[in-house]
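Chemist: With chain X held as given, fit chain R onto it using these hints.
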Amino acid sequence: MTSFRNAFLLLPLLALASACSDDDFDPQTQIGADPVLPEQQQYLFPPMHIASVVGWKKGETPAVAPGLKIAAFATDLQHPRSVYVLPNGDVLAVESKGPGTEPARRPKDLVMGWIQSLSTGGGGDQPSNRITLLRDADGDGVPEVKSVFLDHLDSPFGVALVGEDLYVANTNAIMRYPYRTGQTVITAKPTMLTALPGGPIDHHWTKSLVASPDGTKLYVGVGSNSNITENGIQAEENRAAIWEVDRASGAWRIFASGLRNPNGLSIEPVTKQLWTVVNERDELGPNLVPDYMTSVRDGAFYGWPYSYYGQHIDPRVMPQRPDLVEKAIVPDYALGSHVAPLGMTFYAAEALPQKYRGGAFVGEHGSWNRKTFNGYKVVFVPFEAGHPSGKAEDVVTGFLNKNDEARGRPVGVGVDVRGALLIADDVGNTVWRVTAGS
Amino acid sequence: MATTEDAYPPALHRHSPPELIAAFAIACMIGGLLTDIAYWNSAEFLWADFSAWLVSTGAVAAVVAILAAIIGNLIARPRPRLVPPLPYLLAGTLVVVLAVFNTLIHSRDAWTSVVPWGLTLSAATVFVLLLTAIWHMLALRRADRELQP
Numbered sequence: 000m001t002s003f004r005n006a007f008l009l010l011p012l013l014a015l016a017s018a019c020s021d022d023d024f025d026p027q028t029q030i031g032a033d034p035v036l037p038e039q040q041q042y043l044f045p046p047m048h049i050a051s052v053v054g055w056k057k058g059e060t061p062a063v064a065p066g067l068k069i070a071a072f073a074t075d076l077q078h079p080r081s082v083y084v085l086p087n088g089d090v091l092a093v094e095s096k097g098p099g100t101e102p103a104r105r106p107k108d109l110v111m112g113w114i115q116s117l118s119t120g121g122g123g124d125q126p127s128n129r130i131t132l133l134r135d136a137d138g139d140g141v142p143e144v145k146s147v148f149l150d151h152l153d154s155p156f157g158v159a160l161v162g163e164d165l166y167v168a169n170t171n172a173i174m175r176y177p178y179r180t181g182q183t184v185i186t187a188k189p190t191m192l193t194a195l196p197g198g199p200i201d202h203h204w205t206k207s208l209v210a211s212p213d214g215t216k217l218y219v220g221v222g223s224n225s226n227i228t229e230n231g232i233q234a235e236e237n238r239a240a241i242w243e244v245d246r247a248s249g250a251w252r253i254f255a256s257g258l259r260n261p262n263g264l265s266i267e268p269v270t271k272q273l274w275t276v277v278n279e280r281d282e283l284g285p286n287l288v289p290d291y292m293t294s295v296r297d298g299a300f301y302g303w304p305y306s307y308y309g310q311h312i313d314p315r316v317m318p319q320r321p322d323l324v325e326k327a328i329v330p331d332y333a334l335g336s337h338v339a340p341l342g343m344t345f346y347a348a349e350a351l352p353q354k355y356r357g358g359a360f361v362g363e364h365g366s367w368n369r370k371t372f373n374g375y376k377v378v379f380v381p382f383e384a385g386h387p388s389g390k391a392e393d394v395v396t397g398f399l400n401k402n403d404e405a406r407g408r409p410v411g412v413g414v415d416v417r418g419a420l421l422i423a424d425d426v427g428n429t430v431w432r433v434t435a436g437s
Numbered sequence: 000m001a002t003t004e005d006a007y008p009p010a011l012h013r014h015s016p017p018e019l020i021a022a023f024a025i026a027c028m029i030g031g032l033l034t035d036i037a038y039w040n041s042a043e044f045l046w047a048d049f050s051a052w053l054v055s056t057g058a059v060a061a062v063v064a065i066l067a068a069i070i071g072n073l074i075a076r077p078r079p080r081l082v083p084p085l086p087y088l089l090a091g092t093l094v095v096v097l098a099v100f101n102t103l104i105h106s107r108d109a110w111t112s113v114v115p116w117g118l119t120l121s122a123a124t125v126f127v128l129l130l131t132a133i134w135h136m137l138a139l140r141r142a143d144r145e146l147q148p
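If you're matching them up, the sequences are chains X and R in order.
Each residue of the first sequence is one higher than the last, beginning at 0 in numbering that gives the first Met the number 0.
Each residue of the second sequence is one higher than the last, beginning at 0 in numbering that gives the first Met the number 0.
With the rest of the complex left out, here is chain X:
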């Protein structure tokens, strides 16, 4: 891959296209409430720099911030994308693969698909799309029970338990299963609560899920069907939005829109407000558009596709909608361009050092659309009284090795009943567990 990448960079056209170096821009200026937004830049060919996959060698782990230690909680999973902790302490690892229903409609899709397959190949074709239950009853960080909890799912991602109703957000529907505490396998047939926008295309397929504090509603993240409407605005109906689903009836409405790819839906423990992390648009430059985390206001419009960070208009969308751009609101907290946040969890436990209490952990899957990698780590955003109160800091790093090859990539994050941070690593096929210590 490296030689291929170098050969690719030698292409004079590509060099011209990415001549504007992203090295002299400080990514730190794009973290926080008021990110620096440079001029837009459109490419002759978008920079594609994806870390080739080498995986974790025996004994290797990511690095953690001082005062923390990390160990593999479960290995040999198949593309784990999110984690969910049941009240009795059992951990659900959601192993999931994309539906693969996006056709190559343009020559560009063929070329990009080919480049991506070169760099992320070797993912294996083992069975995925299932949920594995991991039980570590004695709390030593090594599960004694590992069982297939649910199988033959349809690109699942979000999980939420309310009472004895377990909801799984497949890419095309929310399914409800009966769950009794202690179960290690669910064999009961599910009931469909609500159909979700899946195929055709299904560009952003992960459906994040969280229940409202009173348990009457479910919030679902539904990502856009394109980067920036290149599949037609018709394909975006009811997408790039967070849905509010009534748990009793399955009826739904758009709770907030203009959110290109919302994931990591979580309830902030102090204000009880809904928060999300969002993947913003690509191919406007190495430092545009910063991905973000934000509280989600009922009825609010966050810009996609017409604009970003308020009224910054995207010239690629036609016809434009000045009426919508006018009311687009600025998200709360930028995380950096192309970091690809796919998981978020608030830390309401007490086992980790004091400074982590009340803040949010964010899993950043990592960039492809800039020369210098961004993301590929788990960061922590401190909160005070329910609002971000400082710069994001690195908590778990080292997913890339010294040669910029991917040993793993973090996705969903969660907190187990003992207060440890859990991280789903889809490329490393591992769930990591971070505890206090050194």
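Wrong hints could be hidden among the right ones.
Okay, the calculated beta carbon distance ranges per label pair [said to hold, decoys possible]:
1) Pro16(R) <-> Gly309(X): 53 to 59 Å
2) Leu19(R) <-> Ala103(X): 24 to 30 Å
3) Pro318(X) <-> Thr119(R): 17 to 23 Å
4) Pro199(X) <-> Ala26(R): 52 to 58 Å
5) Ala26(R) <-> Gly309(X): 45 to 51 Å
6) Pro83(R) <-> Val110(X): 33 to 39 Å
7) Thr119(R) <-> Ala103(X): 24 to 30 Å
8) Thr119(R) <-> Gln27(X): 34 to 40 Å
9) Glu38(X) <-> Pro83(R): 44 to 50 Å
10) Pro318(X) <-> Ala26(R): 27 to 33 Å
11) Ile253(X) <-> Thr119(R): 36 to 42 Å
Note that these hints are calculated values from the structure, not bench results.
We put the CB at the ideal spot given by N, CA and C, even for glycine.
Modeler: Just chain R now, with coordinates in the frame of chain X:
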């Protein structure tokens, strides 16, 4: 006209493979300009997809045609010509450069894959093709007059 045909050596009545490939490329480029105009007028994404295919296919075919012509000239006995080859080579090179840039522009997403630069390059490509065709016609006519004063 029969007398004119008889005046030319038989090799001139045949189309070489590079010429046939070039004809295909030219058809793609003209088609790409038309679908660009359709997208410009409608903002209907399907036209942009058609443009991307036509423009890229045209560029690939044009590169193949030029390479085939160069190789053909290197390995084969030079064919008799009615008009000098250098202007063709220059025009062909210009078209290939325009088409390659146009392909890259057309690899963008949505509106700016066509407007303004994709459309402009498509029009420029077709304009160069048109000038070359006119020049070719005039040159042939001059050759005719020289053969049959």
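Chemist: Hints first: check each against the structure and report whether it holds.
Modeler: Verification of the hints:
Checked against the hint of 53 to 59 Å, the C-beta distance between proline 16(R) and glycine 309(X) comes to roughly 57 Å, which is consistent with it. Here the CB-CB span from leucine 19(R) to alanine 103(X) is close to 28 Å, well matched to the stated 24 to 30 Å. A hinted range of 17 to 23 Å holds for the C-beta pair proline 318(X) and threonine 119(R), which are about 21 Å apart. Against the hinted window of 52 to 58 Å, the Cβ-Cβ separation of proline 199(X) and alanine 26(R) comes to about 31 Å, which falls outside the hint.
Distance hint check for alanine 26(R) and glycine 309(X): the Cβ-Cβ separation is about 46 Å, which falls inside the suggested range of 45 to 51 Å. Between proline 83(R) and valine 110(X) the Cβ separation comes to about 38 Å, which falls inside the hinted range of 33 to 39 Å. Evaluation of the 24 to 30 Å hint for threonine 119(R) and alanine 103(X) yields a pass: the beta carbon distance comes to about 27 Å. A C-beta distance of roughly 39 Å is found between threonine 119(R) and glutamine 27(X), which places it inside the suggested range of 34 to 40 Å.
For the hinted restraint 44 to 50 Å between glutamate 38(X) and proline 83(R), the CB-CB distance of approximately 47 Å keeps it satisfied. At roughly 31 Å, the beta-carbon separation of proline 318(X) and alanine 26(R) lies within the given 27 to 33 Å, and the hint holds. Taking the beta carbon of each, isoleucine 253(X) and threonine 119(R) are about 39 Å apart, inside 36 to 42 Å as hinted.
Violated hint for the displayed structure: number 4, the only one.
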